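*Asks:* Protein chains in written order, with the numbering used here: chain A, 1 to 270; chain B, 1001 to 1097.
Read the hints as simulated data drawn from the structure, not as lab findings.
The structure presented is a predicted model; accordingly, all values stated were derived computationally and were not measured.
We put the CB at the ideal spot given by N, CA and C, even for glycine.
Any given hint could be a false lead.
[Said to hold, decoys possible] Some chain A residues near chain B, calculated using beta-carbon distances under 7 Å: (1) V146; (2) V149; (3) D153; (4) G190; (5) E191; (6) M192; (7) L193; (8) D197; (9) I201; (10) A203.
[To be verified] As a list, the in silico BS3-like pairs of lysine-lysine whose alpha-carbon atoms are at most 30 Å apart: (11) B:K1044 / A:K188; (12) A:K257 / B:K1011; (13) A:K188 / B:K1011; (14) A:K188 / A:K214; (15) A:K214 / A:K259; (16) A:K111 / A:K33; (17) A:K111 / A:K78; (18) B:K1019 / A:K188; (19) A:K257 / B:K1019; (20) A:K214 / B:K1019; (21) A:K162 / B:K1044; (22) A:K78 / A:K214; (23) B:K1019 / A:K259; (24) A:K162 / B:K1011; (25) A:K174 / A:K162; (26) B:K1011 / A:K259; (27) A:K174 / B:K1019; (28) A:K94 / A:K111; (29) A:K94 / A:K162.
So you can see what is in the structure, the chains are spelled out below.
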Amino acid sequence: MARIIVVTSGKGGVGKTTTSAAIAMGLAKRGHKTAVIDFDVGLRNLDLIMGCERRVVYDLVNVINHEATLNQALIRDKRCGDLYILPASQTRDKDALTLEGVGQVLEELAKDFSYIICDSPAGIERGAHLAMYFADDAFIVTNPEVSSVRDSDRMLGILASKSRRAEFSEEPIKEFLLLSRYSHERVKLGEMLSVDDVQEILALNLLGVIPESKSVLNASNSGTPVILDEQSDAGQAYSDIVARYLGEEVPHRFIEKEKKGLFGLLFRGK
Amino acid sequence: MSLLDYFKTNKRTSAAIAKERLQILVAHERSSRNQPSYLPQLKKELLEVIQRYFQVSEETISVSLEQDDERETLELNITLPDEEHLKNFNSTTTKGK
Chain A
1 MARIIVVTSG
11 KGGVGKTTTS
21 AAIAMGLAKR
31 GHKTAVIDFD
41 VGLRNLDLIM
51 GCERRVVYDL
61 VNVINHEATL
71 NQALIRDKRC
81 GDLYILPASQ
91 TRDKDALTLE
101 GVGQVLEELA
111 KDFSYIICDS
121 PAGIERGAHL
131 AMYFADDAFI
141 VTNPEVSSVR
151 DSDRMLGILA
161 SKSRRAEFSE
171 EPIKEFLLLS
181 RYSHERVKLG
191 EMLSVDDVQE
201 ILALNLLGVI
211 PESKSVLNAS
221 NSGTPVILDE
231 QSDAGQAYSD
241 IVARYLGEEV
251 PHRFIEKEKK
261 GLFGLLFRGK
Chain B
1001 MSLLDYFKTN
1011 KRTSAAIAKE
1021 RLQILVAHER
1031 SSRNQPSYLP
1041 QLKKELLEVI
1051 QRYFQVSEET
1061 ISVSLEQDDE
1071 RETLELNITL
1081 PDEEHLKNFN
1091 STTTKGK
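Let the hints inform the model, and build the full structure from the sequences given.
*Replies:* If you want it as structure tokens, here you go:
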């Protein structure tokens, strides 16, 4: 049975699509057959971050409307055979996604895949609602910044009341925090909320801290999920997150300045 | 370094301000999130009844539902207008809560 993960945040621009692409690639690289779905109808971007924008023929809405089969719409990643991308439609019709339609697509995917990642659009409109409705796990992507933390808390309320699991009184969605764009230097200066500050408010299971990193823009420029940049701090942070999600005990990194030995000082990475 | 830290703590950092603002805001939003949907309607109808006897505005009445493990408490708080208003309103009801 597949595990459905929604990557959500409420607020835009915090790194949902970057995270979706990285996590999906990370799971697939470990041999789990993974599908990643873009729910941002009208503003699709996952294809661009994944570097498959020129291979999009059919999309999620085509599948829901039975204009294409799921297999026709799924794009197989060229770097990892276990990873498939289902792009969003560029239609301006807001009602293109239906609860039944999304449910059917996920049910069909669940037969074949181990993990299904739903990349939620920003906001709390239809696309965001449908992205989280069927989820088993939720990755809450949050920046250490007031509006992002507030919106994340709002999202938690919605997950707890408007999801399928909530409506059918099943075991609630498991919620995980991914704190992104973190700068331990600025935290030390008192200019940024710390992990502990955010956790005092949200109190979630911390899956990992992703440092503010130049490698994220470099990765999106070239259409490569940042997790494939194994030298980069952000890439390593996402690898850790995938490992922790799969139940491995990995100590947290990037929360404090790492104490580098003489060797580290002489050959500073990146 | 420790001396520097000592001077820094005299001024509240922007992160500390952010945290405090968020804690207050989130607590408030959570309490209203858990309210049953009938509370606003209940409040409106109560106000209508009370307004038959007193000249009160919407701000003077607060309705909240507290919940703990054992029971739910519906708390109703009405601030009646001060004596002068009461005289004008020609009411014999004693002022109180």
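*Asks:* A closest beta-carbon separation below 7 Å is what the hint needs, so does M192 of chain A meet it against chain B?
*Replies:* Cβ of M192 of chain A sits 6 Å from chain B, so the hint holds.
*Asks:* Do the alpha carbons of K111 of chain A and K33 of chain A lie within 30 Å of each other, as the hint requires?
*Replies:* holds, 11 Å
*Asks:* Are the Cα positions of K94 of chain A and K162 of chain A separated by 30 Å at most?
*Replies:* Given that 30 Å is the threshold and the Cα spacing comes to 19 Å, the pair holds.
*Asks:* Interface hint check: A203 of chain A, Cβ to nearest Cβ on chain B, cutoff 7 Å. Holds or violated?
*Replies:* violated, 11 Å
*Asks:* Do the alpha carbons of K174 of chain A and K1019 of chain B lie within 30 Å of each other, as the hint requires?
*Replies:* holds, 25 Å
*Asks:* Regarding the pair K1044 of chain B and K188 of chain A, is the alpha-carbon distance no greater than 30 Å?
*Replies:* violated, 49 Å
*Asks:* For the pair supplied as a hint, K1019 of chain B and K188 of chain A, confirm whether the alpha-carbon distance does not exceed 30 Å.
*Replies:* Roughly 15 Å between the alpha carbons, so the hint for K1019 of chain B and K188 of chain A holds.
*Asks:* Given the hint that K188 of chain A pairs with K214 of chain A, test it: the Cα-Cα distance must not exceed 30 Å.
*Replies:* Holds, at roughly 20 Å.
*Asks:* Classify the hint on G190 of chain A as holds or violated, based on whether any CB of chain B lies nearer than 7 Å to its CB.
*Replies:* This hint holds: G190 of chain A lies near chain B, its Cβ roughly 3 Å from the closest one there, short of 7 Å.
*Asks:* Against the 30 Å threshold, does the CA-CA distance of K162 of chain A and K1044 of chain B hold or violate the hint?
*Replies:* Roughly 26 Å separates the two Cα atoms, so the pair holds.
*Asks:* How about I201 of chain A: closest beta carbon in chain B under 7 Å, or not?
*Replies:* The hint holds - I201 of chain A has a Cβ within 7 Å of chain B, the shortest such distance being about 5 Å.
*Asks:* Is the Cα-Cα distance between K188 of chain A and K1011 of chain B 30 Å or less?
*Replies:* holds, 14 Å
Checked against the numbered hints above, the structure violates hints 10, 11 and 24; every other hint is satisfied.
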